[in-house]
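Protein chains in written order, with the numbering used here: chain A, 1 to 70; chain B, 71 to 434; chain C, 435 to 842.
Check before you lean on any hint, since a few could be wrong.
Going by beta-carbon spacing under 7 Å, a handful of chain B positions derived as facing chain A [to be verified]: (1) ALA376; (2) ALA377; (3) ILE381.
Rather than coming from a laboratory, the hints here were simulated on the basis of the structure.
The beta carbon of each residue, even a glycine, is placed where N, CA and C say it ideally should be.
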Amino acid sequence: MTVSYAVLLVAIVVASGIYLFRKRFWSDFGVFAALVAAGAALWWGVWRERPFNPLLLIGKAIDAIGAIVR
Amino acid sequence: MKTVRIGRWQLFLLTANFTIGTTVFVLLGTLIEAGRQDAWLIPLWGGAFGCALAAFWSSLLNRYPGHNIVGVCRIVLGPKIGSAVALMYVWYCVNVASWVTRNLSDFLKMTIMPHTPMHVIHVMFLLVAGYAVVKGIEPIARLMEIFAPIMFLSFWFVLFVAVSPWEWHHFRPVFGTDLRATFLKTVSFLGFPFMQAMVVTFVWPFAGRKAMLPFVGGIAAAAVSLSAIIAFLLGIMGIYRSSHLTFPLFTLAQEVEVGSVLQHLESIMSMIWLLLIFSQLSVSLFGAFEGLREIFRLRTRKPIVAALILIISALAVTIEENIQTNLEWNQKYTFPYFSFLMIVVPLVLYAVGWIKRRTRGKTA
Amino acid sequence: MVNVIMNKFRIRRLPKSVACAAALIALLATAGCWDKTEMSDLAIVSLAGADFDPESQKNIIYYQIVNPSGVAKRRESGPATPFYTFKLEGNEKIGELFTDTTEYIPRKLFTAHYKALIISERLAKRGILESIHWIESLTDRRSSVPVLVSEDPLDQVMNAFTPLERLPGEAIESELFITRNISSAFGRMIRMNNIVKRMDSKRATVVPIVSFVGDPQKAAMMDRLDSVRGNTETIKFDGGAIFVRDRMVGRLNKEETRWYNFLTGQTRVLLLTLPEPPNPIVETVQAKVTRKWTWNEGEPELNIVVRAKLSLRRNTSFIPMSGQTLKKIENQFNKHAKTETMRLIEKWRDKGIDLFGIDEELKAQEGRKWRPYRENDEAWKRIRIRVTVQSQFRQLGNMIRYIEGGTL
Chain A
1 MTVSYAVLLV AIVVASGIYL FRKRFWSDFG VFAALVAAGA ALWWGVWRER PFNPLLLIGK
61 AIDAIGAIVR
Chain B
71 MKTVRIGRWQ LFLLTANFTI GTTVFVLLGT LIEAGRQDAW LIPLWGGAFG CALAAFWSSL
131 LNRYPGHNIV GVCRIVLGPK IGSAVALMYV WYCVNVASWV TRNLSDFLKM TIMPHTPMHV
191 IHVMFLLVAG YAVVKGIEPI ARLMEIFAPI MFLSFWFVLF VAVSPWEWHH FRPVFGTDLR
251 ATFLKTVSFL GFPFMQAMVV TFVWPFAGRK AMLPFVGGIA AAAVSLSAII AFLLGIMGIY
311 RSSHLTFPLF TLAQEVEVGS VLQHLESIMS MIWLLLIFSQ LSVSLFGAFE GLREIFRLRT
371 RKPIVAALIL IISALAVTIE ENIQTNLEWN QKYTFPYFSF LMIVVPLVLY AVGWIKRRTR
431 GKTA
Chain C
435 MVNVIMNKFR IRRLPKSVAC AAALIALLAT AGCWDKTEMS DLAIVSLAGA DFDPESQKNI
495 IYYQIVNPSG VAKRRESGPA TPFYTFKLEG NEKIGELFTD TTEYIPRKLF TAHYKALIIS
555 ERLAKRGILE SIHWIESLTD RRSSVPVLVS EDPLDQVMNA FTPLERLPGE AIESELFITR
615 NISSAFGRMI RMNNIVKRMD SKRATVVPIV SFVGDPQKAA MMDRLDSVRG NTETIKFDGG
675 AIFVRDRMVG RLNKEETRWY NFLTGQTRVL LLTLPEPPNP IVETVQAKVT RKWTWNEGEP
735 ELNIVVRAKL SLRRNTSFIP MSGQTLKKIE NQFNKHAKTE TMRLIEKWRD KGIDLFGIDE
795 ELKAQEGRKW RPYRENDEAW KRIRIRVTVQ SQFRQLGNMI RYIEGGTL
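All chains, full assembly: derive it from the sequences and hints.
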């Protein structure tokens, strides 16, 4: 059952990509491709059980800045 | 193309619903734990801070009418640096949207639907919110207009019907806690939800000139509502239970029993929460999309929103391990993270813009 | 017609393929597959019980499950018990023991509507923290369930038929709540969430005690219901168990429970026979018990004020009816109520049990002069308490002149 949801999402993304490609909205396509690449990378991390949590980076950055300020 | 316009009442409702949003089921336990019998004061000073911040943002945005914060970045800092700074706000909206989605699935999995995989809940809800965003801000605002009275009345009906175990001594001794220590413990509350509410300014270009009053009013209304909700929780359930339960409001609605007729009112509570989540999610998704549209001069809506849904559904899974880690992260990092984006950067924009106007005025 | 409407509102008609796809996608949004529950898959729990055997160190849980075909008004012939009691025991902790239901019960447990939780006295005295966690941690076990303590072995209480009500769970619920205007044997705050709410205070919660009457073998058989004797072989309520935090620390007898419920404002009805002749039976119909904290001679004082409206509806003794007699009876009532209240308070204060929440109220007072009392955990034991009772007759019953006994 979960697979059907994944298929649905992928289908929507792919259909949008094809739409942009055929209408030749190149700048839109560029942004779209970048976002899809980021999304796919995140899902790949989830699939491989090595999820990428950007909040950890933000936390580390804040800790680092805090250490410098102190 | 017809110009999209949001009325002042719609903006007020959007702001109030956005601010109350997930606070009402994620933070209540921690606030009562920190503030004990005076916890109802915490949203009041948070609201005061939020209103001041909202006034500041309004004055910044009113200097550049017709633009949201992304537009202001690009005007003040130039197209290249401005876009880079604006991307931080787009990231922030995506971040808020993933938090909101994850909170929803945490709640549903714990209470009503424990066996449904969380990805399903995420994708399903995001598709609906995405569809709303694709159609523009007006349908979202109109939805709020229709549902807000129903939500308000049913929510307070449930709370009023639950009052029979009210005990005043849960509030006493009034002001007996160390308020300064409570303030320091709940500094993150200034960030989430009050600084987060600035995301609503992405609808500023559609709101017309007099957008400040409904915006500030929405935040004030949300603060008073939160204070009243905490007061009801304290009176009915007491400090001990509210601070020990994950979703105290849900349990409160669950235990209502008037005669043998009015029972199991937690279904009303869940519906109201779903609507609040929806309003928060659609506004943040809208903000992310609008930001991207301004930066990259996009012409289409659906594909970009679809790609954003892909990212947010993945982030919603990775962004927290469980409610406990979320609360701990919130406690430590929310205030610095949010204040950088919501106080520091706008101050810089304000200052640079002011300097630019003065130098332009001098050379002209 | 549809076309006219659609043209008027300028609604575009979707091409069929898109409409089909949209419908299928909308179906996916109704994601109930994982959590759907069929009614016939559920085992509806009517009563739950918890016990602990100290000799074998085993946790014991009882579930009384409704048998739908036994409860229906028109049944097929043959015995069909309205409920079955399942007993699970094991050395595991309560949270894990619950999964043993799959060894016996061919259904999913549905605990959202259970009517009472009966705890054995030996478990209550050990402490019910595990049971509290068990109930509070999953949202489908409501913490608003009334808690009862059983003096007799839980085995007997859980396997007893009750007359008049086919399900003992329903019988208990009716008894606890319908009889509130008749006697003050049961209070309102007898639920699990009342116990949990007071976990950070010394204040006691009093829950009803059940016991078993008669022959346990006979009570567990269906033909007990064919017997005309109503109160043999059934469960009986008597007194109250005092819980402080998660432990049972004492027991109130029948009289004391009624006074306790009356004085904590949980019931307004109190029926008592006054000790002085002519021993009228007086009933309070409207009562208000308020507490005021005052400062008297440099020391705080708790003033309990009882204002009651009295009635003679249930009186069966002869009293010469006159305004004077009624006033005399009122004064008798005031005196008797005052002594009983003071006796109850002092008896349990001496035992160190805060029955009336005096410590809690003392700590709730605001102001600087209360601070030494707020910070002293033993102060409540020595606080001066004053009881004032005021009463007035309102209803006199159907007899305006009572009949004198003896010979003419």
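Quiz item: What hint numbers does the structure not satisfy?
Solution: Checked against the structure, no hint fails, so every one of them is satisfied.
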